[in-house]
Amino acid sequence: MELSSVSIWGVLVALILFGGVFALFSVFDRKLMTRLSRIMLYFVLSLLFVSAYMWGLWILNVWWANFIWLVISTVIISSMILRKAHLWKKSLVLPVHISVFVGITCAVAVGLLLLPQHHTLFIPVLLAMIASYLLSSLTEGIKTYIHSLRHTQEHYQYLLANGATHFEAILPSVRRSVRATMLPILREFSSPLIIAPPMFFCGMLLVGEEPITAVIITFLLTITFCSTTLLTMALFLILSDHFIFDRSGRFLL
Amino acid sequence: MKILEFNQVLIEGYKQTISLMAEAGAVTTLTGNSSENLTACLLAIMGFSNILNGSICIDGEPLAGRASLFFRKQIAYAPKGLRKLGEVITYDPPSVQDIFNLKVNQDLPISNGILSEEIRKVGVDPDNEQGQLIAVASLLEKPIMLVDNPPLESMNYFLQLASKGRIVVLASNNPGVLSASNKIVEL
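Sequences listed follow chains A and B, in order. Under my numbering, the residue at position 156 of the first sequence is numbered 515, and the numbers go up by one with no gaps. Under my numbering, the residue at position 7 of the second sequence is numbered 145, and the numbers go up by one with no gaps.
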C-alpha cells in the first residue's frame, strides 16, 4: 500500500521502532526521554520549516528568491557562528557577515558550475552543505583566534616592541586559528566513508546518478567547500584586523 | 642627543600624572609602590597603555595613534620574563630565535656565539632567562632600551650602554638598582 512515493508499511514500521525506543527510555531514564521529546519536536518543526521554504523556492523557481534566501541564510549562519563562539561583539559582526557572505557565494557559484543539471533548488542545497562546514570550522577558528590574542598579550607586546610588524606579532595566533579551522574538516575526511558515505553522495545515487559521477561530484564539491571555508577564515582575519586592533596596534577586545 | 619625555602623562588606571625626562648618557630608573604600574609606564612608552592626558615624546615628537609604530622602531624591550600564558590552553612564548628571524632584524650580525658573549657581558648567569632577554634587546641596537625589573648584577652593563649614547630606562623597586642608577623617578 503506498501513499505518493512513500510506503505506508514503511512509515508504520519506522514509527513503531521509534515508539519502542521511546517506551524504553520512559522505563529507564525519564529525564533523557523528556529531553529527547523536546529535541524531536525541535527537529520536526525545523524539518517542516525547511520543507516550507524549499517548497516556496520550488514554486517561485526564480533566481532572485534564491538570492534573497542566500542573504538571509548568511545573516543566520554568521549570527550562529558568533553565538556558538560566545563572541557576540559589535566589532566582529561586520567582518563575520562579509566573510561568510563571500565564502557562501563562492561555494554556491562553484557548486552550480560543477553540477550536471542546474535547478534553482540546488542553491539552497549547496548553501546547506557549505553552512555545515562554516558553522563547525569557523566557530572553532574564530574562537581560537580571539582566545589566543586575549591570552598572549604579553607575547604580542614583546614581539611588537622588538621589531615585529603587526602581522609578525599576530602570526602565532593566526597559525593557531587556521589549525583550529582545519580540524573539523580533517575529522570529516578521516571518518569511515567506506561504510558511511556522505549524504550528498547517497542522495545523488537515489535520484539515479551513476556512482562514478556521484563520486567525482562529491569529491569536487568537498574540496570546494574546504577551500571556501579556509578562504572565509582568511577573509575574516583580514577584515577583523581593522576592528579588533587600534591604529597603534593595541588589541581592543 | 635623543630625549624621551613624559609631559604630565596620566595613564589609565593611575591616579597621578607622570613627568620625566630621560636622555642618553644616564640610566633612568622608574620606581613606585606597584610593579604593575611600573610595567604599565614602560608599556605606555611603546603605545600599549591608554593615555588619558598629557603626551609622551621622543625628540619632541608626541606618541599618538600610528606614531607608536615609529616609536617602537627606536625601542628595544626586555620584560621581567616570558612565560607560558593561558590556563586551560597554554601558549608558548616567542623564543630568542623568533626575534632574530623577524624581517627587520634579519640583517643584524647576530649568532649564538655573539649572543652568549653578550649574555656574559650582562653579568648574570648564562641560564638566567632575563639575562637572555636583556642581551637580545641590546643586540637589536636600538637607541632606547626599556628593561622591566632588571637583576642587580646587570647594572654595570646598563651604565656602559648609557655611556655609549643609549637612553636606558629601567623599572625597579630594588634598592641596589636604585642606588646604582643615575636618575630616579618616583611614580
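Heads up, some of the hints might be wrong.
Stated by the list, open to error - To give a feel for the contact side, a few chain A residues facing chain B, derived at Cβ under 10 Å:
1. ARG397
2. ASN420
3. ALA487
4. SER491
5. SER495
6. HIS514
7. GLN516
8. LEU518
9. ALA520
10. ARG546
11. GLU547
12. SER586
As the list claims (entries may be wrong) - Pairs of lysine to aspartate or glutamate, EDC-like flavour, derived with a Cα cap of 16 Å:
13. LYS218(B) / GLU527(A)
14. LYS302(B) / GLU143(B)
15. LYS153(B) / GLU279(B)
16. LYS140(B) / GLU161(B)
17. LYS222(B) / GLU547(A)
18. LYS302(B) / GLU324(B)
19. LYS211(B) / ASP230(B)
20. LYS321(B) / GLU143(B)
21. LYS211(B) / GLU279(B)
22. LYS321(B) / GLU150(B)
23. LYS211(B) / GLU527(A)
24. LYS241(B) / GLU513(A)
It is worth saying that the hints were derived from the structure and are not from the lab. Just so you know, even glycine gets a beta-carbon here, dropped at the ideal spot from N, CA and C.
The hints, checked one at a time:
no.: 1; hint: ARG397; result: violated (30 Å)
no.: 2; hint: ASN420; result: violated (49 Å)
no.: 3; hint: ALA487; result: violated (32 Å)
no.: 4; hint: SER491; result: violated (25 Å)
no.: 5; hint: SER495; result: violated (19 Å)
no.: 6; hint: HIS514; result: holds (5 Å)
no.: 7; hint: GLN516; result: holds (5 Å)
no.: 8; hint: LEU518; result: holds (6 Å)
no.: 9; hint: ALA520; result: holds (4 Å)
no.: 10; hint: ARG546; result: violated (18 Å)
no.: 11; hint: GLU547; result: violated (23 Å)
no.: 12; hint: SER586; result: violated (27 Å)
no.: 13; hint: LYS218(B) / GLU527(A); result: violated (22 Å)
no.: 14; hint: LYS302(B) / GLU143(B); result: violated (20 Å)
no.: 15; hint: LYS153(B) / GLU279(B); result: violated (35 Å)
no.: 16; hint: LYS140(B) / GLU161(B); result: holds (6 Å)
no.: 17; hint: LYS222(B) / GLU547(A); result: violated (32 Å)
no.: 18; hint: LYS302(B) / GLU324(B); result: violated (25 Å)
no.: 19; hint: LYS211(B) / ASP230(B); result: violated (25 Å)
no.: 20; hint: LYS321(B) / GLU143(B); result: holds (14 Å)
no.: 21; hint: LYS211(B) / GLU279(B); result: holds (11 Å)
no.: 22; hint: LYS321(B) / GLU150(B); result: violated (25 Å)
no.: 23; hint: LYS211(B) / GLU527(A); result: holds (14 Å)
no.: 24; hint: LYS241(B) / GLU513(A); result: violated (20 Å)
The structure fails to meet hints 1, 2, 3, 4, 5, 10, 11, 12, 13, 14, 15, 17, 18, 19, 22 and 24 from the earlier list, while all remaining hints are met.
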